[in-house]
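All chains should be modelled from the sequences, with the hints used to inform the complete structure.
Going down the list, the sequences are from chains A and B. Quick note on the numbering used here: the first sequence kicks off at 18 and runs consecutively. Quick note on the numbering used here: the second sequence kicks off at 5 and runs consecutively.
For the record, the hints were derived by calculation from the structure and aren't laboratory data. Honestly, I wouldn't trust all of these hints.
[Claimed, not checked] Straight line, CA to CA, 35 angstroms or less: simulated DSBU-like cross-link-like pairs of lysine-lysine: (1) A:K63 <-> B:K319; (2) B:K314 <-> A:K32; (3) A:K59 <-> B:K83.
[As the list claims (entries may be wrong)] Far from chain A by the CB rule (all over 10 angstroms, computed), these chain B residues: (4) P11; (5) E199; (6) E205; (7) G229; (8) I274; (9) G280; (10) I442; (11) S454.
[Unchecked claim] Chain A residues, not near chain B, derived (Cβ > 10 angstroms throughout): (12) M18; (13) S27; (14) G40; (15) P106; (16) A141; (17) L177; (18) T330.
All figures in this text were calculated on a predicted structure; none of them were measured in a lab. Beta carbons: idealized from backbone N, C-alpha and C, even for Gly.
The lines below spell out each chain.
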Amino acid sequence: MNFYGLVDGSDASLKSYLNNLSGVDQVGAEARAAMLATRSIKTSSKRWAIDTAITMVDLTTLEGADTPGKVKALCTKAVRPDPTDSTVPSVGAVCVYNDMVSVARTHLDLIGGQHVPVAAVSTAFPSGRASMAVKIQDTQDAIDAGAAEIDMVIDRGAFLAGRYIDVFNEIVQIKQVCGDKAHLKVIFETGELVTYDNVRKASFLAMAAGADFIKTSTGKVAPAATPPVVLVMLEAVRDFYEMTSTRIGVKPAGGIRNTKDAIKQLVLVNETVGPDWLNPKLFRIGASALLNDLLMQRMKMDEGYYSSPQYVTMD
Amino acid sequence: MSFEYAPAPESRAVVSIKPKYGHFIGGKFVAGSKHFPTVNPATEEVLSQIALAGKAEVDAAVKAARKAYTTTWSKMSGKERGKYLYRIARIMQERAREFAVLETLDNGKPIRESRDTDIPLAAAHFFYHAGWADKLEYAGLGTSPKPLGVAGQIIPWNFPLLMLAWKVAPALAAGNTVVLKPAESTPLTALLFAEVCQQAELPAGVVNIVTGDGSTGALIVNHPGIDKIAFTGSTEVGKIIARAVAPTKKSVTLELGGKAANIVFDDAPIDETVEGIVNGIFFNQGHVCCAGSRLLLQENVAEEVLHKLKNRMEKIRVGDPMDKNTDVGAINSKEQLAKITELAAAGDAEGAERWSPACTLPTKGFWFAPTIFTGVTQAHRIAREEIFGPVLSVLTFRTPQEAIEKANNTPFGLSAGIWSEKGSRTLWASQQLRAGVIWANTFNKFDPTSPFGGYKESGWGREGGRHGLSAYLKGVSHE
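The structure is reproduced here in structure tokens:
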């Protein structure tokens, strides 16, 4: 593997690559994100943003109490988010735990949702605390069951201890398991990496190691996909594209619960990395509650008033 | 697919602009004799007719201020004065939207900036100084500091209400009364402020506002009944004022021009630096005395920074100032546009390379696209003269020492910026730079607690903080 010619796979080359990155000024990054949050998105642009956001949702259920029935219901909703309105597009993917992948895939195929991929969280999600053998097996199982997207977690302990090469090698190995069968999203758990410098480092590390997407969080740790964290990741993706001509996707996940927050994310994309990224191939939003709010705002735009939450399906 | 932002105009309905205004003297609006128009620079629409104060009006205002000083304001306890200032601050917050809309209409600055920067900061200055009113004995300016008397205050058009607040709040907190003249092209928020003074039941004559042009300003400067002159504006006029007050007993503070160096070292946080460069020069259309108008880039990162800066500038939204998504609005006046155009042409003529992002400018009104000049040297006019517009001159340097020498090689010394992740370098550079305000890894940040003012031809004295307060008190150094 040549890692885009950025590193040679050795500890020394990885360290020099990461140490050469410019730092991130916390105050400046937060100020930029706050300024972009003031963008006022109304009327036709709001309508466009809502529909675009719907196509970007990775509709997610990651609970110990998940049942096949709940996953099937989620799949139905993923294909036709609003059963009363066929103009509402399908979501980006359905995201579930490993053992629910085959349930989801089978049900999606059954109801005409062949176009909706199943994403599986992998590598001992959410903690990442398992042996490499288990992580590889975990990923292989998900792919065998029909997952087209793998959301892996990095070993934050190794990253924070400065063992970047261990994190890098994990991503490389999981990418090999994915091969051309599954897209690889790499989850940083930015709430545990804490600093924007770390987020920027993790972004470049994961992209060089072969990530197709970089993703903020598991949804199990707060803070998660805050606007400045997403801004820093989008800047990394933009710089990486200039260096390698390769477009890497970004997936904020966790804490994006309403339309306003989702539109803020789209504004960040638009004004940081540009409109090329405003599609589900390069931008996803990991969420569960968000979809209903998008649907309610969409109804409001059509009908002029807010409906009761009972007019959208609970799951 | 593209994400076009639909127009998001702020409503104008919140303000009612009168067809004609008078002066605010002795707590009342008095009709003027002669009038001149104030226009919306984004549309050239005449907003209102503004009175031109002559000798009679200035005399009346000074007389009212003197009477209020002698009979009321200087006798009132600091605690009571503070109550009025708090009341004014609260009313400004309550009427913030009105002020923001009016400021944007009259000045041409984006509503986002008047809403999020000008008006909140103006209110903050009143809150801050309200707190000082009953604590002057503890400001370190002597055990019993006394007000100066009547202050004549002349303010510019770039931050009309904010500059009013910088002048009026400390003057009143210290026990002075004021005669204020807003800029010829932006008088409307000062006239709304006069209404706020009435609403706050401020004693008559404590604040007097006369409108007019340079001739009115000269009447104030030369008026024998005035004890202190506070001026913000061009260095050219500042020098005239300094000469005029030299043979008198008047105190004077001057906040004048600048040509700030924004210095980017090779270890700077690049993305935030680019934001800071943009904010440094394109904030308020570059109509900022402390604008980061000279960008000094360390040679080994110059190409990368310029590349990112140009990409970032492509995203700047220039247009209708009333649109909430506008980043850069209209140039304040035809005269200012002519000045910017002339200096930019000098940049071309002297061989600098001009670049602007693709942007469509409105056909009516006064507009200038965000512009950078590369290949600029110290010898270029655009590296020496204050352009006061959205035009950035880019120079490079090799060593930190060279950066400092270039930064200081100017008759001005108002502000400077340092971009570096290395604390020791930032501290070293800030000690070498001869500028009144130095920002590290940020730019154009203002706070009432922080003194603001210049070295050399950028002015005399400080505004804001304890230092600014001292300019309105007979303390240790102002007797």
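A quick look at each hint next to the structure:
| no. | hint | verdict |
| --- | --- | --- |
| 1 | A:K63 <-> B:K319 | holds, 19 angstroms |
| 2 | B:K314 <-> A:K32 | holds, 30 angstroms |
| 3 | A:K59 <-> B:K83 | violated, 47 angstroms |
| 4 | P11 | violated, 8 angstroms |
| 5 | E199 | holds, 28 angstroms |
| 6 | E205 | holds, 35 angstroms |
| 7 | G229 | holds, 46 angstroms |
| 8 | I274 | violated, 4 angstroms |
| 9 | G280 | violated, 6 angstroms |
| 10 | I442 | holds, 16 angstroms |
| 11 | S454 | holds, 15 angstroms |
| 12 | M18 | holds, 27 angstroms |
| 13 | S27 | holds, 25 angstroms |
| 14 | G40 | violated, 4 angstroms |
| 15 | P106 | holds, 13 angstroms |
| 16 | A141 | holds, 33 angstroms |
| 17 | L177 | holds, 20 angstroms |
| 18 | T330 | holds, 28 angstroms |
This entry does not satisfy hints 3, 4, 8, 9 and 14, going by the numbered hints stated previously.
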